[in-house]
Amino acid sequence: MAVTGGDKDYPGNMTVFVFLACLVASSGGLIFGYDIGISGGVTSMDPFLMRFFPSVYAKEQEVVDTNQYCKFDSVLLTLFTSSLYLAALVASLFASVITRKLGRRATMLGGGLVFLVGAVLNGFAVNIAMLIIGRILLGIGVGFSNQAVPLYLSEMAPAKMRGMLNISFQLMITVGILAANLINYFTAKIAGGWGWRISLGLAAVPAVIMAGGSLFLPDTPNSLVARGKEEEARAMLRRIRGTHDIGLEYDDLVAASEASKAIGNPWKTLLERRYRPQLAMAILIPTLQQLTGINVVMFYAPVLFKTIGFGGTASLMSSVISGGVNMLATFVSIATVDRLGRRKLLLEGGCQMILAQIVLGTLIWIKFGTDGVATISRSYAIGVVFCICVFVSAFAWSWGPLGWLVPSEIFPLEIRSAAQSMVVVFNMAFTFIIAQIFLMMLCRLKFGLFYFFAACELLMTAFVYFFLPETKGIPIEDMDRIWATHWYWRRFVVDGNGGRRRNVQLTSSSNAV
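No gaps in the numbering here: position 280 of the sequence shown is 280 in UniProt numbering, and each next residue is one more.
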């Protein structure tokens, strides 16, 4: 089977070795997903709130005629949740250097070990300081893994199956979220009120899986070439493609590496005009991904359900349901992304999310109005959960996986590590901002918060329609040609004579930069 990418045709097969390597590497998504799922769960457990956030617990116990929109509004509580994402933001900048100098595998190993230490601290926390320090260490681990894993998957995968294999990272995120929701549901029932320690401490399990698995992973041919290990890269390329006929692809990797070595400062290079399309995508795709409101739903789901009238155990079970939908819907993306392409999934998912947010906001408006005082029936509650599941499923087969896939496959090697760090920086920055202000926004905007996210989704769907070209099936080192034929981006990458702008002369066999 030939791996086809438009005007390039790399010989090779989808090998068992590549599949297993990508499966192990994608386990880096477990640590991110587990943390997203576990945070909202423990902050809805009364023993946890009584020990660390007594003012929130006291407000929660007030009678039902209290404004339900505002009872969880606490700066300290949101700091506990969002501190991880601020740490991940900073860590990803350092991870860029490690990824470039030592390889993707070393970055994943370091991230897993730091995350492990943070999990232990959180599990044994006796005060708020231990909790916050633990969260910061978890954030460093997340920053490292989110920087390295998507790159690793895109570089190992053959072009024809890059979408499917890269989305395994998002699938592992959803598995982590579902596992965390299930664990929260059962640990909340433990007599004695110490179940939250198990929930937080079990974050060590995905950390061990990631760190241990990375010890057995090979590094990618792209990374080996960039670090001057040409013979190892050639041998690895033969192994992962299952053929000795790797000359064309290897030449492209070498050409891209030569361009990369000619770059002194990849961050400065990323700001050059010829990389304007990649810079725009590195900023806008992760930013818009967070403005869907998905992380509000996923890591505040138990709090959100509790706010609109569900009991404590019922709110955790509702989170399990939405987490299960999230995981199952990701398989839709895996099955279709390399056949339908990235754009169709993003456009459909965007339209579905807009409708779901509008209906959800309207349901909450009808019942709670602006004063936030109401009780809801079982059937009404089921309708709310259904709307949330419709929203989550749309995200899970569109912006969830593709928000990581598309950026990881569009960057040329010379700016790849720096650009991927920028993706993580903006992803974590807006995750932090949304996490920090969500409870305050819910208190101030009330049901209008869901209309706000619907408006954001309308803008992002328009962005995809007009500005995001299709990347399906194009070899990662030949991706620059999609910008040269795009109605808007071609003005930045095509010179006055109709040729692509280059700072480095490459061999005729390569379109790498």
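One or more of the hints may lead you astray.
With a cut-off of at most 20 Å between alpha-carbon atoms, the simulated EDC-like pairs for lysine to aspartate or glutamate come out as follows [as the list claims (entries may be wrong)]:
{"hint": "1", "residue 1": "Lys-189", "residue 2": "Glu-230"}
{"hint": "2", "residue 1": "Lys-229", "residue 2": "Glu-258"}
{"hint": "3", "residue 1": "Lys-101", "residue 2": "Asp-245"}
{"hint": "4", "residue 1": "Lys-261", "residue 2": "Glu-232"}
{"hint": "5", "residue 1": "Lys-229", "residue 2": "Asp-251"}
{"hint": "6", "residue 1": "Lys-261", "residue 2": "Asp-245"}
Worth flagging that the hints you see were computed from the coordinates, not collected in a lab.
No experiment lies behind these values; they were computed from the predicted model shown.
Okay, the hints, checked on the actual structure:
no. : hint                : verdict
1   : Lys-189 <-> Glu-230 : violated (56 Å)
2   : Lys-229 <-> Glu-258 : holds (13 Å)
3   : Lys-101 <-> Asp-245 : violated (28 Å)
4   : Lys-261 <-> Glu-232 : holds (18 Å)
5   : Lys-229 <-> Asp-251 : holds (14 Å)
6   : Lys-261 <-> Asp-245 : violated (26 Å)
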